[in-house]
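Undergrad: What follows is the residue order along each chain.
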Amino acid sequence: MNRKIGLMLTILMSLMLAACAGKKEGPVVDDTSTTATTGGVGDANKPYRYSDLSASELEALGIYGDPLNEKVVYFEYNSTAIDRRSQVILSAHAGYLADNGGINVSLEGHADERGTRDYNLALGERRANVVSDFLAANGSQSNNRTISYGEENPVDTSHTESAWQRNRRVEIKY
Amino acid sequence: MKSIKGILITLLVLVVTVQAHAQRLRGTAQPSQIRATPIAIVPFKVLDETVVFEHQLDQVVGNDLYATGKFEPIPKEKFLTLPSRREEIRAKDWRFINAEILVYGEIWSLGGDRYEVQFNMHDVARDQQVGQTLRIPNLTKETIRAASHIIADKVYEAFTGNTGAFNSKIAYVEKVRVESQRHRYKLMVADWDGYNSVERYASWSPILSPDWSPDSQDIAFVNLTSKGPVIKVLNVQSGNTETIASFKGVNAAPSWSPDGTKIAYSSSRYGSPDIFVYDTATREHKRVTTHYGIDTEPSWAASGRSLLFTSNRSRKPQIYRYDLFDSSISRMTFEGDESANASYDPQGKNMVMVHEGGNIVLMDAQSNELMWLTRAKFDESPSFSPNGDMVLYMTEQGFEPTMIVASADGRVRTKVEFVQGDVREPAWSSLRK
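Taken in order, these protein sequences are the chains called A and B. Going by this note's numbering, the first sequence opens with residue 1, and the numbers climb by one from there. Going by this note's numbering, the second sequence opens with residue 1, and the numbers climb by one from there.
Only chain A is shown next, with the shape it has when bound in the complex (with noise of 0.2 angstroms):
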């Protein structure tokens, strides 16, 4: 279980990983395009330009199409840790929010039903400003607001491992 490592370590993996990536090519500026979902690179192997995976490499991770498309990142139990999935998505966003300062941002913190109530609104809020300090880290020039629904807001209520992962999760709205 992903509890057992150190949450501060955990996330200060994270942002040193999503650091690293960020390093290897920096955002792409000379694209006027204010479509989001646009790549327009012309790279095959860099076919969005907010990432830099390859589509067979985006999809290794779950993620078909464009990573700015994705507007969910999801934890494990009791964790805040952010996984590779969702730094590729996270990174994706911060790139967008780095090109296009100002835009306000939403972050929605959720827990699975596992857990007492109040226990797990401070477990969603943590996540979802793990997610604002991500995005800042990594460029982001995003007013970003922080708000926790705990175990309130389910995406899926019945008591199944594959429900409780899609309700740990935090929600990118703009």
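No lab work stands behind these hints: they were computed from the structure. One thing to keep in mind: the hints can contain errors.
[As the list claims (entries may be wrong)] Short, incomplete list of chain A residues facing chain B, as computed with Cβ under 10 angstroms:
#1 53
#2 78
#3 113
#4 115
#5 116
#6 117
#7 121
#8 125
#9 126
#10 149
#11 150
#12 152
#13 153
#14 158
Just so you know, these numbers come straight off a predicted model, no measurement behind them. C-beta: ideal position from N, C-alpha, C; glycine also.
Dock chain B against the given chain A, drawing on the hints supplied.
TA: Just chain B now, with coordinates in the frame of chain A:
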């Protein structure tokens, strides 16, 4: 009342024996096996036979007493006679069905929609009336059911020496689907058995964590707003609310101090959730914990000297205690992966908590031994009855949210039958004054 106290003394030997026995068994891993006292509650004789009441008082009294685990109501089909007065009692009829306590009485019609209940308690072994005839005046068809809870309290107090809790209230949250994607969250107040439920507050966004003030006049609760979770205080009588904590971040888990002057809660206004104490007179907020982990779910000891709270400072949520006098913090739970949402009973003998994510567990405050009240996966929101003899909590039965009252000795579990729908977050009030 005086006569009941007199009887108390005569029963002292019995009570002391039972309590000593209870103490010995408390804290063991299995629910105790002390025998419940067989009690016969005779259907109350309605003197005006043309009057029909919606509820059978004897049934309600029996349900009340059964839920404590200390009484075993005998089915009335077994009764040989149905006395309503002293001279109609033949002790052998009741010894025959092993009744040890007999409760009987009459409902008087006083003209119009006015009734009075008169009832007696009888010690079958001694063939003696316990105390005097008690009268509950000024009843109507609408309110007469509440007389049952008064009767149950009197019986409970006479034979256990503990204060009855059947006239207390519960609060809970009901989620009602209005349209496919819209829900109404209602803060409900009801009798302890879920009857008489009344909506006291409603919101389009989630309500959680209700907590009664010690005088049962107010309920503090969390309401998710567009600004995030805030803490409000509802005056139950007037329906007025006041927001007491709407700081940046999460404001959650309010808990009233035993003297009613303070509300402890969790706030992340400085980054990570810490415990704060709000003074209801000065309206000042004092921070009492400063850890970078999650600190939440504070709950006061009856003395007001210390606060239990949940913290993940050792990675997983566990229960800690903060001493308000020397500011020391000690870890209370070590067993299992997770413990959360703990609170003391009014005597400070036990604390109840959610263990391993979904079991309701009691911990003996002296020995730290655990007793599992439930071994389900999704049980939550435990709260003690104001006399500490019962625990109210949520479980799920056949995918339906179900509210349960368990006797604190683990023997008996009863469904809070009048509460239905998508309910959650039950909270037991203090004793009504």
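Undergrad: All the hints need checking, so say for each whether the structure fits it.
TA: Each hint, compared with the structure:
| no. | hint | in the structure |
| --- | --- | --- |
| 1 | 53 | 33 angstroms, violated |
| 2 | 78 | 7 angstroms, holds |
| 3 | 113 | 7 angstroms, holds |
| 4 | 115 | 6 angstroms, holds |
| 5 | 116 | 4 angstroms, holds |
| 6 | 117 | 5 angstroms, holds |
| 7 | 121 | 5 angstroms, holds |
| 8 | 125 | 5 angstroms, holds |
| 9 | 126 | 7 angstroms, holds |
| 10 | 149 | 6 angstroms, holds |
| 11 | 150 | 8 angstroms, holds |
| 12 | 152 | 4 angstroms, holds |
| 13 | 153 | 7 angstroms, holds |
| 14 | 158 | 9 angstroms, holds |
Consistency note: the structure conflicts with earlier hint 1 alone.
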